[in-house]
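So the sequence shown is residues 1 to 209, counted in full-length UniProt numbering.
What the hints contain is simulated information worked out from the structure, not anything from laboratory work.
It cannot be assumed that every hint is accurate.
[Unchecked claim] Distance condition first, Cα-Cα at most 30 Å in a straight line; then the derived DSBU-like pairs of lysine-lysine:
hint : residue 1 : residue 2
1    : Lys134    : Lys85
2    : Lys205    : Lys104
3    : Lys189    : Lys104
4    : Lys85     : Lys23
5    : Lys27     : Lys178
6    : Lys27     : Lys207
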Amino acid sequence: MMVQGQEYEAGGSVIHPLNLHMKRFVKDLGLSTVQASGGLLGIYNGETLVFEESNWFIINVIKLVWRYGFQSLRMHMWVEDVLDKFMRIYRYQSHDYAFSSVEKLLHALGGDDFLGMLNRTLLETLQKAGFSEKFLNEMIAPVMRVNYGQSTDINAFVGAVSLSCSDSGLWAVEGGNKLVCSGLLQASKSNLISGSVMYIEEKTKTKHT
């Protein structure tokens with residue numbers, strides 16, 4: 001999107017280090033990458049700053065434990081568990097294995113836990129996992145606001161993906177991640193037809209007896 005003559009990516013502006021497909025695309029297309037930059041974190045509850053990040057790692061650990069106990073560590077472990085299970089998708093793809101439905105795919109990756117996340121909110125899932133209301137309101141809700149402009153009532157699986165973007169090592173393509181899409185399109189030598197979709201109509205085939 002264009003704002004005052006400057007182009008910005010409205011979504012998907014950073015890429016997780018475990019996104020192996022994007023890493024391969026960037027390498028194949030000869031693109032350059034940059035590390036995502038970030039400043040110090042501060043959490044404001046509408047009245048006062050309830051948490052301010054320090055430049056010193058040990059100070060941050062003490063502050064987090066003092067206010068939230070070990071919930072930050074537990075959250076990191078929870079997100080890592082989701083990512084570890086989701087990474088199984090690369091093993092299936094390397095053997096050209098496909099699934100007939102999204103549900104079957106997710107069950108193969110994470111069992112009933114992944115399927116349950118499809119039908120629960122992030123709030124319900126994390127409450128069930130034992131995280132406190134204070135931690136969810138002060139640490140998790142802001143991440144959802146920043147990434148998706150939504151609350152913790154977002155779908156649990158989508159919320160887990162959003163939380164993974166709080167990891168370190170996030171990166172972007174120099175010049176914009178859109179260069180991957182345009183580069184792949186050009187490399188495919190496809191015939192691109194530019195136009196606007198006016199409507200989508202479902203058609204059913206007539207069965208002949």
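For each hint, the structure was consulted:
| no. | hint | result |
| --- | --- | --- |
| 1 | Lys134 <-> Lys85 | holds (28 Å) |
| 2 | Lys205 <-> Lys104 | holds (26 Å) |
| 3 | Lys189 <-> Lys104 | violated (33 Å) |
| 4 | Lys85 <-> Lys23 | holds (19 Å) |
| 5 | Lys27 <-> Lys178 | holds (15 Å) |
| 6 | Lys27 <-> Lys207 | violated (48 Å) |
Hints 3 and 6, counting from the list given before, are not met by this structure.
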